[in-house]
Each structure stands twice: as structure tokens, then as C-alpha cells.
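S.K.: Sequence:
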Amino acid sequence: MLPVNDLRKGDAIILDGETYLVMDAHFHRAQQRKANVRTKLKNMLKGNIVEKTFSSTESVEEADISYRKAQYLYEEGNSYIFMILDDYEQVHVDAEILGNNKYYLLDNSEVDLQYINDEVTAVRFPIHVILGVAYTEPGFKGDTTGSTLKPAKLETGMEVNVPLFINIGDKIKVDTRDDSYVERVNK
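Going by numbering that gives the first Met the number 0, the sequence shown opens with residue 0, and the numbers climb by one from there.
Mixed in with the good hints there might be a few duds.
In silico DSS-like links for lysine-lysine, alpha-carbon gap of 30 angstroms or less [unchecked claim]:
no., residue 1, residue 2
1, LYS101, LYS149
2, LYS8, LYS170
3, LYS149, LYS68
4, LYS152, LYS8
5, LYS8, LYS101
6, LYS51, LYS39
7, LYS172, LYS152
Derived Cβ-Cβ restraints for the label pairs, each shown as a range [to be verified]:
no., residue 1, residue 2, range
8, TYR66, ARG28, 46 to 56 angstroms
9, ASP106, ASP177, 45 to 55 angstroms
10, ASP106, MET0, 22 to 32 angstroms
11, MET82, LYS33, 43 to 53 angstroms
12, TYR73, ILE126, 40 to 50 angstroms
Hints were generated in silico from the structure; no laboratory data involved. By construction, the Cβ of each residue, glycine as well, lies at the ideal position given by its N, Cα and C atoms.
With the sequences and hints as input, model every part of the structure.
M.R.: Pasting the structure below:
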């Protein structure tokens with residue numbers, strides 16, 4: 000059993016006898032009420048999406064899933080090609096499975112492919128990835144602290160908000176769970 004507080008995008012659970020893929024999970028606490036976890040779940044057989052709210056004290060059954068380490072090779076039409084590191088088999092992953100996570104893919108990125116019943120159902124990325132800043136407005140000298148943010152376009156096309164001191168060409172660490180800036184990385 001998996002506590003709902005530990006649910007993460009890409010996890011697979013069994014609910015009412017059916018396998019669901021967690022597309023989104025957020026911990027929420029309203030004033031003077033018990034905390035809960037709001038989820039968006041995709042039925043793996045039917046393909047429909049449901050929203051379900053769990054009490055933060057509940058647990059759910061994890062689906063029988065397996066993971067295989069893979070390396071990203073290239074994009075071909077509406078699919079992304081990965082190579083399994085164990086046996087060098089090439090696997091086509093539909094763009095719909097990746098969704099906006101495609102913005103974390105750089106050549107030779109290593110990921111975990113999630114399999115349910117021998118079918119790729121999700122691509123799991125490390126919690127943090129390092130990406131270069133392709134464009135952002137220039138910062139000002141002395142802007143090294145503070146909470147003011149500005150938009151930045153990264154080398155993969157993703158946009159995140161970064162502190163004012165970040166410049167074009169800087170490498171930054173991005174959290175893949177919520178698409179947020181973590182820190183600047185020395186080159």
C-alpha cells in the first residue's frame with residue numbers, strides 16, 4: 000500500500016479494480032479542515048481521465064509495474080525513440096505519453112520507462128535536470144538576492160521563472176515535479 004501523500008506524477012495505482020496512471024497529485028489543506036490530496040488519474044484501459052480527492056491519511060494499492068533504464072535518442076514524427084540500456088532495444092514512445100515532459104529531453108538523457116503489462120505507460124525523469132537558458136531579459140548588476148522573478152526560455156523550449164541574476168547561457172537546475180527553478184549551476 001502506498002500513502003496518498005507519496006503519490007507522484009507517473010505513479011500507477013489500482014482503484015476500484017482498475018489501473019490508473021497519476022497525471023497530477025497536489026497536497027491541499029483548507030483552513031480548519033483536514034488535509035487532502037487532489038489527483039487527476041488516467042484509466043489505463045479506457046483512457047478516460049477522472050479527478051479524485053483522497054484524505055491525506057488514506058493509502059492506495061500500487062499497480063504491478065516495472066521500470067527499465069533508457070536513453071533518449073531522437074524524435075521521429077509523433078513519437079520519441081529511446082534505447083533500453085540493458086539490451087540496446089529501441090522503443091517508440093508516443094508524444095502523448097510524454098506530454099510536457101518532452102521539455103526535459105536532451106540528447107542522451109537517461110530516464111526510466113515505466114511498463115504496465117509490457118506497454119510503456121510513462122517516462123520518469125530524475126527529480127532535477129540541468130538545462131541551459133536560451134533567452135531571458137538581462138539582469139542588473141547587484142540583483143543577486145530577492146524573490147523577484149522573470150521568465151526565461153530554456154534550450155528545450157520550456158519556460159520557467161528565474162531570479163533576476165540569471166542570464167543567457169547560464170545553466171540552471173529545474174525541478175521536474177513542478178517545473179520550477181531550483182538553483183544556478185556552475186558551468
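S.K.: Are there hints from earlier that the structure breaks, and if so, what are their numbers?
M.R.: 3, 8, 9, 10 and 12
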